[in-house]
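Peer 1: Letter by letter, the chains look like this.
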Amino acid sequence: DIQMTQSPASLSASLGETVTIECRASEDIYSNLAWYQQKPGNSPQLLIYDANSLADGVPSRFSGSGSGTQYSLKINSLQSEDVASYFCQQYNNYPPLTFGSGTKLEIK
Amino acid sequence: QVTLKESGPGILQPSQTLSLTCTFSGFSLSTYGMGVGWIRQPSGKGLEWLANIWWDDDKYYNPSLKNRLTISKDTSNNQAFLKITNVDTADTATYYCALSYYGYNYFDYWGQGVMVTVSS
Chain F
817 DIQMTQSPAS LSASLGETVT IECRASEDIY SNLAWYQQKP GNSPQLLIYD ANSLADGVPS
877 RFSGSGSGTQ YSLKINSLQS EDVASYFCQQ YNNYPPLTFG SGTKLEIK
Chain Z
14 QVTLKESGPG ILQPSQTLSL TCTFSGFSLS TYGMGVGWIR QPSGKGLEWL ANIWWDDDKY
74 YNPSLKNRLT ISKDTSNNQA FLKITNVDTA DTATYYCALS YYGYNYFDYW GQGVMVTVSS
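Heads up: the protein sequence lines correspond to chains F and Z, in order.
First residue of the first sequence: 817, per the working numbering; consecutive thereafter.
First residue of the second sequence: 14, per the working numbering; consecutive thereafter.
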């Protein structure tokens, strides 16, 4: 199984700041990585696929990058509506599909 | 417009079988490339993928739970199903179904989730 190590577990930032969340795979996943946003009380929603492609309707302040085993999600100009948990997911090698443990983002 | 909605028993006892239904619209599971997955999330914790079923009835399971899982579909009624046998308290979670496309094993659309509690 491919293990996904996500950091940090929690993050507090001010409105307008830029934040970065990292995900490290236990082996090369060839950019087969998705990021999801889960707002409190809601189901996850797709943000990014193929490591750097923005899903439909996702604001351009979200971006993804990385390759090999190291990937990141960046949120520019943090907004109050970005308060959520964020999860990465690899789909290079399955079964099983595997998720990172999540990052809880709060506003300072 | 794609929508998915999960339904389940709410509460069940240890050793029972959990039966979940995903009712969807906006796509057909008889269309090439379409798939539905099941993912669960214990309260306050992370996501665990359980199983996928594809338009051609191909099925994939999480090896850690494989012996307990059965995924199936009813294309004429736009439904997918998941059964988990011999449940225990560790199966207490919110269960989601989600749409996936063949060759792209991420989840574009998710249901609202259904909470399942296993308790004696």
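Hints are computed from structural coordinates only; laboratory data are not their basis.
Be careful, since some hints might not be right.
[Claimed, not checked] Computed cross-link-like contacts, BS3-like style, restricted to lysine-lysine with a CA-CA straight-line distance of at most 30 Å: (1) F/K855 x Z/K96; (2) Z/K18 x F/K920; (3) F/K855 x Z/K18.
[Said to hold, decoys possible] Distance ranges between label pairs, derived from CB positions: (4) Z/S32 x F/S893: 20 to 28 Å; (5) F/Q819 x Z/K72: 22 to 30 Å; (6) Z/K58 x F/E897: 36 to 44 Å; (7) F/I923 x Z/I24: 30 to 38 Å; (8) Z/Q26 x F/I923: 22 to 30 Å; (9) F/K855 x Z/T34: 24 to 32 Å; (10) Z/K58 x F/S893: 38 to 46 Å; (11) Z/S41 x F/P875: 24 to 32 Å; (12) Z/K72 x F/S842: 24 to 32 Å; (13) F/T834 x Z/T88: 39 to 47 Å; (14) F/R877 x Z/Q26: 42 to 50 Å; (15) Z/D87 x F/N858: 24 to 32 Å.
C-beta atoms are modelled at their ideal positions from N, C-alpha and C, and glycine is treated no differently.
Peer 1: Determine for every hint whether it applies to the structure shown.
Peer 2: Here's how the hints hold up against the structure:
Between F/K855 and Z/K96 the alpha-carbon distance is near 28 Å, which keeps this suggested pair within the 30 Å criterion. Our distance criterion of 30 Å between C-alpha atoms is met by Z/K18 and F/K920, whose separation comes to about 26 Å. Under the criterion of a C-alpha separation no larger than 30 Å, the hint pairing F/K855 with Z/K18 is consistent with the structure, at around 18 Å. In this structure the hint that Z/S32 and F/S893 lie 20 to 28 Å apart at CB is violated, the actual value being about 45 Å.
Roughly 24 Å separates the CB atoms of F/Q819 and Z/K72, a value that falls within the hinted 22 to 30 Å. For Z/K58 and F/E897, the Cβ-Cβ distance of about 23 Å falls outside the hinted range of 36 to 44 Å, so the restraint is violated. Range check, F/I923 to Z/I24: about 36 Å between beta-carbon atoms, so the 30 to 38 Å window is met. Range check, Z/Q26 to F/I923: Cβ separation about 42 Å, and the 22 to 30 Å hint is violated.
Hint check: F/K855 to Z/T34, Cβ distance near 25 Å, so the stated range 24 to 32 Å holds. The hinted window of 38 to 46 Å between Z/K58 and F/S893 is violated, with their beta carbons roughly 30 Å apart. Distance hint for Z/S41 and F/P875: a CB-CB separation of about 31 Å, consistent with the stated range 24 to 32 Å. A hinted range of 24 to 32 Å holds for the C-beta pair Z/K72 and F/S842, which are about 25 Å apart.
Distance hint for F/T834 and Z/T88: a CB-CB separation of about 46 Å, consistent with the stated range 39 to 47 Å. The supplied range of 42 to 50 Å is met by F/R877 and Z/Q26, whose beta-carbon atoms lie about 47 Å from each other. Under the hint 24 to 32 Å, the C-beta atoms of Z/D87 and F/N858, about 27 Å apart, fit the expected range.
Checked against the numbered hints given earlier, the structure breaks hints 4, 6, 8, 10 and satisfies all the rest.
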